[in-house]
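Undergrad: Here's the letter readout for the chains.
There are 2 protein chains.
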Amino acid sequence: MSQAFPERSAPVRFASQFVSDERLWGRHMELAAIGAIADNGVRRLTLTKEDGRARAKVIAWARELGMSCYTDCIGNLFLRYCPPSASTNAHPVATGSHLDSEPTGGRFDGTFGVLAGLEAVQALQEFGHVPRRAIEVVIWTNEEGCRFQPAYMGSLAFVSPKRIEALLAATDANGTTVRDALAATAGCYAVDGVRSEPIPFGAYVEAHIEQGPVLENTRIQIGTVTSIYGIERFEIEVIGEAAHAGTTPLKMRVDAVAAAFRIVQEIGKALGDDGQIRFTVGKFDVEPGSATVVPERAKFTLDIRHPDQEFLNNVPAAVHASATSCGPPCEVHIRSLVSAPSVIFDLGLRREIDRIASDLKLSAVSIASGAGHDARYLAEHCPSAMIFVPSHKGISHNPAEFTSADDLGNGARVLTDLLVTLT
Amino acid sequence: MSQAFPERSAPVRFASQFVSDERLWGRHMELAAIGAIADNGVRRLTLTKEDGRARAKVIAWARELGMSCYTDCIGNLFLRYCPPSASTNAHPVATGSHLDSEPTGGRFDGTFGVLAGLEAVQALQEFGHVPRRAIEVVIWTNEEGCRFQPAYMGSLAFVSPKRIEALLAATDANGTTVRDALAATAGCYAVDGVRSEPIPFGAYVEAHIEQGPVLENTRIQIGTVTSIYGIERFEIEVIGEAAHAGTTPLKMRVDAVAAAFRIVQEIGKALGDDGQIRFTVGKFDVEPGSATVVPERAKFTLDIRHPDQEFLNNVPAAVHASATSCGPPCEVHIRSLVSAPSVIFDLGLRREIDRIASDLKLSAVSIASGAGHDARYLAEHCPSAMIFVPSHKGISHNPAEFTSADDLGNGARVLTDLLVTLT
Numbered sequence: 001m002s003q004a005f006p007e008r009s010a011p012v013r014f015a016s017q018f019v020s021d022e023r024l025w026g027r028h029m030e031l032a033a034i035g036a037i038a039d040n041g042v043r044r045l046t047l048t049k050e051d052g053r054a055r056a057k058v059i060a061w062a063r064e065l066g067m068s069c070y071t072d073c074i075g076n077l078f079l080r081y082c083p084p085s086a087s088t089n090a091h092p093v094a095t096g097s098h099l100d101s102e103p104t105g106g107r108f109d110g111t112f113g114v115l116a117g118l119e120a121v122q123a124l125q126e127f128g129h130v131p132r133r134a135i136e137v138v139i140w141t142n143e144e145g146c147r148f149q150p151a152y153m154g155s156l157a158f159v160s161p162k163r164i165e166a167l168l169a170a171t172d173a174n175g176t177t178v179r180d181a182l183a184a185t186a187g188c189y190a191v192d193g194v195r196s197e198p199i200p201f202g203a204y205v206e207a208h209i210e211q212g213p214v215l216e217n218t219r220i221q222i223g224t225v226t227s228i229y230g231i232e233r234f235e236i237e238v239i240g241e242a243a244h245a246g247t248t249p250l251k252m253r254v255d256a257v258a259a260a261f262r263i264v265q266e267i268g269k270a271l272g273d274d275g276q277i278r279f280t281v282g283k284f285d286v287e288p289g290s291a292t293v294v295p296e297r298a299k300f301t302l303d304i305r306h307p308d309q310e311f312l313n314n315v316p317a318a319v320h321a322s323a324t325s326c327g328p329p330c331e332v333h334i335r336s337l338v339s340a341p342s343v344i345f346d347l348g349l350r351r352e353i354d355r356i357a358s359d360l361k362l363s364a365v366s367i368a369s370g371a372g373h374d375a376r377y378l379a380e381h382c383p384s385a386m387i388f389v390p391s392h393k394g395i396s397h398n399p400a401e402f403t404s405a406d407d408l409g410n411g412a413r414v415l416t417d418l419l420v421t422l423t
Numbered sequence: 001m002s003q004a005f006p007e008r009s010a011p012v013r014f015a016s017q018f019v020s021d022e023r024l025w026g027r028h029m030e031l032a033a034i035g036a037i038a039d040n041g042v043r044r045l046t047l048t049k050e051d052g053r054a055r056a057k058v059i060a061w062a063r064e065l066g067m068s069c070y071t072d073c074i075g076n077l078f079l080r081y082c083p084p085s086a087s088t089n090a091h092p093v094a095t096g097s098h099l100d101s102e103p104t105g106g107r108f109d110g111t112f113g114v115l116a117g118l119e120a121v122q123a124l125q126e127f128g129h130v131p132r133r134a135i136e137v138v139i140w141t142n143e144e145g146c147r148f149q150p151a152y153m154g155s156l157a158f159v160s161p162k163r164i165e166a167l168l169a170a171t172d173a174n175g176t177t178v179r180d181a182l183a184a185t186a187g188c189y190a191v192d193g194v195r196s197e198p199i200p201f202g203a204y205v206e207a208h209i210e211q212g213p214v215l216e217n218t219r220i221q222i223g224t225v226t227s228i229y230g231i232e233r234f235e236i237e238v239i240g241e242a243a244h245a246g247t248t249p250l251k252m253r254v255d256a257v258a259a260a261f262r263i264v265q266e267i268g269k270a271l272g273d274d275g276q277i278r279f280t281v282g283k284f285d286v287e288p289g290s291a292t293v294v295p296e297r298a299k300f301t302l303d304i305r306h307p308d309q310e311f312l313n314n315v316p317a318a319v320h321a322s323a324t325s326c327g328p329p330c331e332v333h334i335r336s337l338v339s340a341p342s343v344i345f346d347l348g349l350r351r352e353i354d355r356i357a358s359d360l361k362l363s364a365v366s367i368a369s370g371a372g373h374d375a376r377y378l379a380e381h382c383p384s385a386m387i388f389v390p391s392h393k394g395i396s397h398n399p400a401e402f403t404s405a406d407d408l409g410n411g412a413r414v415l416t417d418l419l420v421t422l423t
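Chains as they are written, first to last, in the working numbering: chain A, 1 to 423; chain B, 1 to 423.
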C-alpha cells in the first residue's frame, strides 16, 4: 500500500490520499528517458520508435493494475479498468492525454494527463473504491501535429470516424503515411483487441500542465478549465515592388514590409486587448531580404485566439477590413489557416472540480485554455472538462518545461476524487 | 566618321554632335552578352571570368581610339587618351564607372558610365578637339560589393592606398581572396603598365543611370547630381522570450516581433518624411519562426539615407532613443553596419553640366543620388560630379533595368562637351 503522506494524521477519507507524488514523479522521469535530449528535453515524435517504447511502458504499468489495452484504427490506446463491479452497459468514464512531443519538447506536456490517469486508477484501487462503470485511460495519437497534420488527430478520428481514411493517408516530411507509421509502431506492444467502432464515453476529463504563466503568477494550485480558446489563424501575403533603398522616395514606394507593419498595427488596434485575446505574429518572411532593397514581398502568420466565440466571429471581417485599408498600394492576399471555434466545458464537471479542490484545501481558479487539447474534440462527444496544474514561467514545448512533483500530485488528487464521484 | 543625326541642318558646333546613339547602344548590347541571364539580365560578378571578358572587350575598343591601358594594385583599369597636344604635367581629367553587376543585374548600371566615357573620347576625336591634358576612362573594380565587401572597393583603394592590403585580403563566400581573384582575371587582357601609386586626377565626372524614378516621372532628361545621400544602416536585434501563442496573455509576453514593430514605428515617427529621407526595413528574421510560438528573437536591418549630413548626425541618437523607449521588456542590441557621410559634388562642375544641358536644349534638374557610387570616394580626391539619365520605372539591380538609346545618348553628349571644356 502507498506510504504517501505518512505525516497526515487525519483519517483516510478520500481516494486521493493514496496518490503518491513520488511514484507519479518517478514515472514522469522514466518516460522522459525515452527520447531524451539535452537539458531535460524530450523528442518523441508521434508514431516513432520512441513513441512506441513509451506506449509499451505505460501499457506495462496499466497491466500491473489489472487493466487491459485496446486500440482503434488511428492507434489511440484505451487502457481499460473494468472490475466485476462495473456495468458493461454503462458508458465508461475516460481520462488521458498524449505521449507524443514537439521536436524539442518537455517532460510533462501530455505525459502528465496519461500518468495522472494511471495514478488515479491505482489510488482508487488502493482506497478500495468499487466503480460501477469502467474507467479508461486514453493515449491519443498525434496530439502535437508536428510530424503529421492535423494536430489532435487521434481525438478527431474518435469523434469523426468518417475522416479516418483521409487522416491515415496524411504524410510526414519524408512521405511516410500515418498508416505506415502505425504499422511500424504497432510491433512495440501487444493489445487485447482492436475497436473498429468507438465505444461511447460517459464523460472525459483531461489533466494537463497549464503551459501558460497564470497559475504560477497568481500562486494558485488548480485551474478549472472553463473553455478552450477558439483560433482564427491567417497567412497574410503582401506584394509590393522591389526598389533601390537609396533612390526611391518613400511616397513612390510600394513597400511590402511597410504595408505589412501597417496592417498588423491596424488589426491589433481594431481587436484591442481585453486581457483575454491572444495575438501573435509568429512568422515573418521578407523577399528579397536585402538591407538595400525595398521589399517586394512580406508573408506572415497572424494567430488570433479568444475564449468568446462571438468575438471570434468578427475576426475575419476585421482582418480583411484592416488589410483593405492599410495594404494599398500593395496587393494583399489573406489565407485562413485555421478557424477553430471556442469550446465551453461541461458546467457540472467544472463545479465538481471546484468542489473537490475546495475539499482538498487546494486553491483553484477558473481559467480558459489558450492552447488546444484533445478535450476540444471530446467535448463534441460527451460532457468534458480539464484540470490544469501550474507551469513554471509558463514555458512549454521546450526542454525547460517544469511542474513540481507537488503540483503534479495535486492535479492527480483532484482527478482521482473526480473519477470516484463519476464511477 | 559618324553618320549620327544626318537630319540636323545646323552647322556642327559641339563635339557632342558626334555622339552616336546607335554605336553607344550597340556597345551596351555587346557587353550585355557577357554574363547574360534570362530576361535581358546580366550576371557579371566582380573579378570573375565574365568581368575579365567584359574588360578585355572595352580595352579593345579603347585601343581602336589610340588609348593605352594601365592598371593598379586593386585591378582598376585606366584607359588613357593622351595625344601629343596633352601636357603630361597637367593632372588628367577622369570619367568612368564600373563593369561588375549584381547577381541578377541589368545592362546599364555602371556599364553606361564606362561606355559613355569611350563614346565621349571618340566623339571629341571626330569633332577634332585638341586636348591640353590627358583624359582617362576608368573601370573601377568591385563597385557592387556583392562578391567581396566592401562595395566601391576600387575607388576606395584609389583614394586610400593604405587600405589596399586589407582590401586584397577580403574573401568571397568560397574563401577566395580579392588578390587571388585579381590574378585569375588578369590573364583575360593585356595592360601597358601597372601604377604602384595613383596618378592624381584634375577632375572626375561619372555618368550613370538614375536607378530611381524621379527623372522619368518628371520627364526630365538630365540629372545634375548635387550630392550622394549619406547612409546610417543598422542591424537591430530584439530578444524576448519564446512562449505559447495560446496560453500567454499579451501583458505577460516578452514578444520580440511586437517590440520590433514598435521600435520601427517609433523611429519612423521620430525621423518623419521630409520627402528626402529614405527609410527601409529590408531584412526581417524571426526565431523560432512558428505560427504558434511568441517569437523569442527578431533581427532586422534599418537603412536610413539622407542628403543632409546634419540630419544624419542625429540619426544614431534617434534610433537608440526609440529602441530604449519601445524595446522593453525585450532586450535590444543595435549594431551600426554602415555610417557613410553624405557627399556634396563640386559646384563649378554642376554649373557646367547645367549650362551644357541648356546649350543642348536638354531639360535638366538638380537631384541627389540615393545610391552610392565610386564618385563618392573620388569627391575626396578632386572636384567631382555625376550626370544622371532616366531609369525606366526607377528599376535597377534587376534584369528589367532599362534606359532608352536616346536617353543614354543625351548623357554621353553632356559628358562629351564637359570633357571638351575641361581639357
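Mixed in with the good hints, there may be bad ones.
Just so you know, same-sequence chains aren't split out, so a pair can sit in one copy or run between any two.
Calculated pairs, DSSO-like style, for lysine-lysine (alpha carbon to alpha carbon, straight line, at most 30 Å) [what the hints assert, rightly or not]:
no., residue 1, residue 2
1, K251, K299
2, K57, K251
3, K49, K162
4, K162, K251
5, K361, K299
6, K283, K251
7, K57, K361
8, K251, K49
9, K251, K393
10, K283, K57
11, K269, K393
12, K299, K49
13, K361, K269
14, K283, K299
15, K49, K269
16, K283, K162
17, K361, K393
18, K57, K299
19, K269, K299
20, K269, K283
21, K162, K393
22, K283, K361
Rather than coming from a laboratory, the hints here were simulated on the basis of the structure. Because the structure is a prediction, the values reported are computed rather than measured.
Undergrad: Taking the hints in turn, state whether each one holds.
TA: Each hint, compared with the structure:
1. When the C-alpha separation of K251 and K299 is checked against a cutoff of 30 Å, the pair qualifies both within a copy, at 22 Å, and between copies, at 26 Å.
2. Taking the shortest alpha-carbon separations for K57 and K251, neither the intra-copy value of 65 Å nor the inter-copy value of 41 Å comes in at or below 30 Å.
3. In this homomeric assembly, K49 and K162 come within 30 Å of each other (Cα to Cα) only inside a single copy, at 28 Å, whereas the closest approach across copies is 63 Å.
4. Taking identical chains as interchangeable, the C-alpha atoms of K162 and K251 are never at most 30 Å apart, the minima being 54 Å within one chain and 42 Å between chains.
5. In this assembly of identical chains, K361 and K299 lie within 30 Å of each other by CA distance neither inside one copy nor across copies; the values are 50 Å within and 48 Å between.
6. Taking the closest pair of Cα atoms, K283 and K251 come within 30 Å of each other both inside a single copy (27 Å) and across two copies (20 Å).
7. Taking the shortest Cα distances, K57 and K361 never come within 30 Å of each other, neither inside one copy (33 Å) nor across copies (90 Å).
8. Neither within a single protomer nor between protomers do K251 and K49 lie at most 30 Å apart by alpha-carbon distance, with minima of 58 Å and 40 Å respectively.
9. In this assembly of identical chains, K251 and K393 lie within 30 Å of each other by CA distance solely across copies; the values are 14 Å between and 45 Å within a copy.
10. With identical chains, the CA atoms of K283 and K57 are never at most 30 Å apart, being 37 Å at best within one copy and 48 Å at best between copies.
11. With identical chains, the CA atoms of K269 and K393 are at most 30 Å apart within one copy only, with a shortest distance of 28 Å there and 35 Å across copies.
12. Taking the closest pair of Cα atoms, K299 and K49 never come within 30 Å of each other, the shortest separation being 36 Å inside a single copy and 37 Å across copies.
13. For the homomeric pair K361 and K269, neither the shortest alpha-carbon distance inside one copy (42 Å) nor that between copies (54 Å) is at most 30 Å.
14. In the homo-oligomer, the alpha carbons of K283 and K299 lie at most 30 Å apart both inside one protomer (8 Å) and across protomers (12 Å), since each shortest distance falls under that limit.
15. Taking identical chains as interchangeable, the C-alpha atoms of K49 and K269 are never at most 30 Å apart, the minima being 47 Å within one chain and 55 Å between chains.
16. For a Cα distance limit of 30 Å, the shortest separation of K283 from K162 qualifies neither inside one copy, at 33 Å, nor across copies, at 45 Å.
17. In this homomeric assembly, K361 and K393 come within 30 Å of each other (Cα to Cα) only inside a single copy, at 24 Å, whereas the closest approach across copies is 73 Å.
18. Taking the shortest alpha-carbon separations for K57 and K299, neither the intra-copy value of 44 Å nor the inter-copy value of 44 Å comes in at or below 30 Å.
19. In this assembly of identical chains, the alpha carbons of K269 and K299 lie at most 30 Å apart whether taken from the same copy (20 Å) or from different copies (24 Å).
20. Proximity of K269 and K283 under a CA criterion of 30 Å is satisfied in both settings, with 20 Å inside one chain copy and 25 Å between copies.
21. Within a single copy, K162 and K393 get their C-alpha atoms no closer than 40 Å, and across copies no closer than 55 Å, so neither meets the 30 Å cut-off.
22. In the homo-oligomer, the alpha carbons of K283 and K361 never lie at most 30 Å apart, since the shortest distance is 43 Å inside one protomer and 54 Å across protomers.
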